[in-house]
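Participant: For the record, the sequence lines run as chains A and B. Mind the numbering: the first sequence is residues 1 to 231 in this note's numbering, read in order. Mind the numbering: the second sequence is residues 232 to 409 in this note's numbering, read in order.
Worth flagging that the hints you see were computed from the coordinates, not collected in a lab. Note that beta-carbon positions come from the ideal geometry of N, C-alpha and C, so glycine has one too. Careful: at least some of the hints might be erroneous.
What the hints assert, rightly or not - One-sided and incomplete, this derived list gives chain B residues near chain A with beta-carbon spacing under 8 Å: (1) Trp272; (2) Tyr327; (3) Leu330; (4) Ser332; (5) Phe377; (6) Asp378.
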Amino acid sequence: MKLLIVGCSWAFGDELDDPSKECFSTIVGNRINAEVTNLGWNGISNHGIARKFLESDISVFDLVLVQMTQPSRTEYYDKGGRATYNKRQLQKKLDPNKFLRGNVYRAKKGLPPLMPNHKDPVIKSSWENILVDREHFMSTGHIMDGKEWWIRYYEELYHDKYGESDEMLFFHLMKNKLTNMSIPHLMMTINKKTKMPFDLQLNKSKYPRAKGNHPNKIGHIMIARDIMNLL
Amino acid sequence: MKIFSNGSSFASGKYPEYLAKMLNADLTNIAMPGYSNRSIWRTTIEYKPDNYDLAVIQLTSKSRTEFYSDFGWQEISPQLIHPNLGDKKRLWQYWYENLYSDEYGDCDENFAIEGLRDYFAISNIPCIIVTTDKFTNSNKFDLNIFDISFPMDKTRHPTTIGHKVIANKIHEIVNSRM
Numbered sequence: 001m002k003l004l005i006v007g008c009s010w011a012f013g014d015e016l017d018d019p020s021k022e023c024f025s026t027i028v029g030n031r032i033n034a035e036v037t038n039l040g041w042n043g044i045s046n047h048g049i050a051r052k053f054l055e056s057d058i059s060v061f062d063l064v065l066v067q068m069t070q071p072s073r074t075e076y077y078d079k080g081g082r083a084t085y086n087k088r089q090l091q092k093k094l095d096p097n098k099f100l101r102g103n104v105y106r107a108k109k110g111l112p113p114l115m116p117n118h119k120d121p122v123i124k125s126s127w128e129n130i131l132v133d134r135e136h137f138m139s140t141g142h143i144m145d146g147k148e149w150w151i152r153y154y155e156e157l158y159h160d161k162y163g164e165s166d167e168m169l170f171f172h173l174m175k176n177k178l179t180n181m182s183i184p185h186l187m188m189t190i191n192k193k194t195k196m197p198f199d200l201q202l203n204k205s206k207y208p209r210a211k212g213n214h215p216n217k218i219g220h221i222m223i224a225r226d227i228m229n230l231l
Numbered sequence: 232m233k234i235f236s237n238g239s240s241f242a243s244g245k246y247p248e249y250l251a252k253m254l255n256a257d258l259t260n261i262a263m264p265g266y267s268n269r270s271i272w273r274t275t276i277e278y279k280p281d282n283y284d285l286a287v288i289q290l291t292s293k294s295r296t297e298f299y300s301d302f303g304w305q306e307i308s309p310q311l312i313h314p315n316l317g318d319k320k321r322l323w324q325y326w327y328e329n330l331y332s333d334e335y336g337d338c339d340e341n342f343a344i345e346g347l348r349d350y351f352a353i354s355n356i357p358c359i360i361v362t363t364d365k366f367t368n369s370n371k372f373d374l375n376i377f378d379i380s381f382p383m384d385k386t387r388h389p390t391t392i393g394h395k396v397i398a399n400k401i402h403e404i405v406n407s408r409m
C-alpha cells in the first residue's frame, strides 16, 4: 500500500526532532501499513502544492492526503537563481548562526558537521516560494523604485479575493482529479478562514504547537488520530 | 442538446454559434475578450456548468493573467493596454520583464487544462479544449486553432469565414468523439 502526502511545512513535519518518523503522515502510514511519500515542503504555496501534485504519478498511490496552506502565498520560477542568491545572503546576515544550529541537527542524524567555510549548494533556476509573513521570504533581489517587487505585490496588487480564488481553483483541481481516478483521499487545510469544504481543519488550538507555531510531536499524533477517524 | 462555451476573444466571436447551429444545440457562451487561462478556468468553475452535453473551451496565450482590484477582476497581458491599470501598469511591466517565464506560463496553462478536464469529467460532460497560443508546449489540447488555415481580419482575429472554418474543425472533433 502506498500513501502520498502533499502540503507545506505542516505536512513536512517542521520543528519535529525527526520529521521522517514523527510527522502525521508517517504515523498514519505505520497504522495502515503503507509506504509513505512525503512531498511536504516548507513555505510552499497552494500553487506549488498543486504543481507538485500534478508532477507526481498519483496513479500509483492508494491514498492521497492533500494539505493546503495559507492562500496569500505564491511562487514564481526564478530563472537563473537570483532569488536563491539574495535570500541566502540575507539569511546569512539575519541569522549568522544558522549553520551552527544546522550542525546540531546533522549530529543527531549522524552526519558530519558543516565547516564555516563550507560551500553553499550551486545556485540554479528553481521555483521560489513567496510568503507575506516575513520580509526575507520576499527578498528576491527584484528591486523596483527602491523596494522589493514582492513587497509591492502584496501592498498594491494582491487581494484576499485572489487568494480565495486560488484556493478554490486548486482545491477543485486536486479533489476532482483524485475523484476521477477513484483514489481515496482527504482534503485538509491550515487556512482558518477557508470557505472550501475541507475534510479536516488542521489549524485548531486543540493540536499543541511548537515555538514556531507548527504542531509538536503530540500535535502530529493527534492529527494522525483524527485522520484515522476519517478514513 | 446543450453546449457550454468559454474562452477569450476568439470564442467571443461567432464560431461557438456556428458550431451550435451545426449540432442543432442551445448555446451558453460566457467567453470574454482578453480573458486569461486563469480567468477562463475560474469563470467556468464559478459558473458551475453541470447540465450540458458538450463543453468547448478555448484557452489563450499562456502569458496572460488576471488580478482583483477595486474595479473587479482585471485582465493582464504583456501588451498592458488594459483600461484602469493606472499606476499598476509599471508593476506589471516589471513582472513581464523580470519575473515572468515560460515555465510559469506552462505551469498555469497546465493547471487550466487539468482543472477544466477533470471538472467536466466529474459531470460526465464531453469536453473539447482548444488553444489560440501558437507557441504552447502542451500536447494536451484537442486542437491548436493556429494549426488550421483560416482568414483573419486586421486585428488578427478570424473573419466570418474564419469562424466558420474553426467551427467546422471543432465539429469534426465532436463527431469523432460522440
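Participant: Now look at each hint and say whether the structure bears it out.
Facilitator: Structure-based check of each hint:
no.: 1; hint: Trp272; verdict: holds, 6 Å
no.: 2; hint: Tyr327; verdict: violated, 12 Å
no.: 3; hint: Leu330; verdict: holds, 5 Å
no.: 4; hint: Ser332; verdict: holds, 5 Å
no.: 5; hint: Phe377; verdict: violated, 25 Å
no.: 6; hint: Asp378; verdict: violated, 25 Å
Going down the numbered hints, you'll see the structure goes against 2, 5 and 6, while the others check out.
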